[in-house]
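Since the structure of chain H is provided, determine the placement of chain B on it from the hints.
As they're listed, the protein sequences go chains H and B. Counting in my numbering, the first sequence runs from 91 upward without gaps. Counting in my numbering, the second sequence runs from 2 upward without gaps.
Since the hints were derived computationally from the structure, they do not count as laboratory data. Take the hints with a grain of salt, since some may be wrong.
[Unchecked claim] Partial selection, computed: residues in chain H whose CB lies under 10 Å from chain B: (1) Glu138; (2) Ala140; (3) Glu198; (4) Leu199.
Here a beta-carbon is modelled for each residue, glycine too, at the ideal position from N, C-alpha and C.
Chain residues, written in single-letter form:
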Amino acid sequence: MITSVGVTPGDCFDAFCQGVTGNKPLQAFDQKLFNITRTYEIADRGAEQADVTGRATKWLCEVVNQAVKEAGLVPGESRIAALIGTGLRELRSLELWWANGLPFNVSELHSANALQRTFHIPGPIITLSNACAASSFALGLADDLLWLGEADVVIVAGSDSISESMFGIGDRASMLRPERVQPFERERRGALLGEGAAAVVLESSEHASRRKALPRALLHGVGMSCDAFHETAPHQAGMVRAMMDALSRAGMSPDYIDLLMAHGTGTALNDQVEARAIREVFGTRVGRVLISGLKSMIGHTSGASGLVATVAAIECISQGRVPPTIGFTTPIDEAEGFDIVAGEARIGPIETAQVNAFGFGGVNAVAILGRST
Amino acid sequence: MPYLEGLPDKVPRIVITGLGIEVPGINDLAQLTDGSVPNLADADFNPAEKLGRQGLRYKDRATKLALCSAQSALQDASLPISAGEQFSSETFGVVVSSNLGNLDTVCKVVDVVHNEGADNTSPLDMPNLSSNVIASSLAIRFGCKAINLMVCNGETSGIDALYLAANAIRSQRATRILVVGVEPSNEVVKKIMKASASNWSSRGALLHIGDGSAAVVLEDAESAAERGAFVYAEMASYSYRASNHLSQTILGANGGSDGLPELWLTPSSPPGPSSEAVSEGLELWKDTPPTCLDLTGVLGETYGALGVFQCVGACLWLRRHANAKAIATSGACWGEGTASIIIRGIDHS
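Isolated chain H (complex conformation) (with noise of 0.2 Å):
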């Protein structure tokens, strides 16, 4: 994992843990050309701070090579095929291909020639865009892939970088200008794109046992839904069925989750959405299952922010401390009696989570890890 606040996802998490904040200055763009000038950026670009091409797919790569080493993977042993989840692809690299005449390819707006080159795939790699909920749809279909056989591991990722475009589009729509992102917050103001990047390596049990692999943890199921409602606007049956789809794959009932790791957002219309649809399945219990909101200190990671936000939860549950939602003081009354970990890390066992992610056209995946026995 590669996000704002750390280049591993040992750093990523201990830093969530802490609260640490990866909110900056604006660097990638022209301030003069905004009113918003707060992002979640990767302050990888040197010293003179020039934008570069292919800064998505360079993270791709090292995201993929730390699951690779630490799962032990070696090519030419397993049939191995990779899904990658990303909402902005390159369209960076578009941008600056179209705007400053930089060189692109129109192959290069995915990342499997460079993965590739990176890490010899024998079996197909597939790039989805789906929205914000990218890498999570990705993480379901790689289950999909196993289950039927097709392949023995699959390797999952998420990355984006923020694209000029998006995030002047935002700047345009986001009328209260905010500085930072709080989700469930009642003073939030809105949202602020991130950059970031999450791999996961994913094989059957009985593939895992026979080459000796430690497992980190148990994908249990990854639920799907589309709300076929609005392009842009969140819709509560949408969320609460791509739950009850992750729940039901999972075999479940909604007492299990210890841990929910919530979209959040930070925008009007997400948060109260999403804190309905969390009511809605998990009734009275809600107030029993921890809640937290990553986005507070990484911004928004678009496609990535799914698989970021697994990778979170696995190592909730290895460590036993939820990261807190940073700058939460105020429940909107949507999320009235919530528990919402704030302030500090919250200690104790997490067996269960749960991993909500949600994207523009109404595109849903909630995925639900386990500890693995």
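Frame of chain H; chain B shown alone:
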């Protein structure tokens, strides 16, 4: 709450029950495979004629092409085209393949930001900036509430989309999926494709960039039979290879022992580098070459949409060749990577 049943003991068969295309200049599906080469230059595209005016105003060209082809495929499959009347909406999914659909909006918005500042951008462009706007627009228009995927995987996207859609039905994420491939032609698309083609061909300027969309309806065979749907063909196995050796992906999809397909839908041909790859692939058939169908000759370069056009072409051919087998192959031209999928004919007798 519609809980899905436990995963089945037997993986369902996947069949194709509807076909549709929207290519300005082509009026009839049969023109795709009848050997005619229609003149597509300067052809008009009037989506309102098919879809009505409502809701089209701010849609980009790719979305409008996709909506038109999808509507044709739904009608061909005898399914409703109104969201409110859609048949088992919550188990009806959408999988779209497109790479170039929103590039024009991205470049337009970045120009406005640079020239006039972010205040002068239009929030109406926001949906079209999101690469999955095509898939979500289809879901909204036709009432498809199950899995919704946007595949942006370069030139193999169309074949990949068919594979992921079939897998989604096999994994009980849907009983029925609308699969749509679309790539639009516009100034930004022409510029990036020609710049990219010049890497491998000085003849990049000769490229005819395709402009169109193809759609198919995939269904769980049992559900299709229950509603008495006509079945064009059955989806079979898929293969992807990181290399440009087409023989590997053909053998990967076909399996070693089974007879080779009678129809091969080849990747795009000259001026691209894939013509050598096609020759290499043909050697597999030795003295009994298959019927070859290169849709690029009719459509131009359709990049990520090609695989779905190929599926439509295969179904049309298989209607006249019951019990035959087709293979569609995309790739080996724009980037490293090739994909094939087998489509089997159905004996209706």
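Going through the hints against the structure:
1. Glu138: 20 Å, violated
2. Ala140: Interface hint status for Ala140/H: violated (16 Å vs cutoff 10 Å).
3. Glu198: 8 Å, holds
4. Leu199: Since chain B brings a Cβ to about 6 Å from Leu199/H, closer than 10 Å, the hint holds.
Going through the hint list in order, the structure does not satisfy hints 1 and 2.
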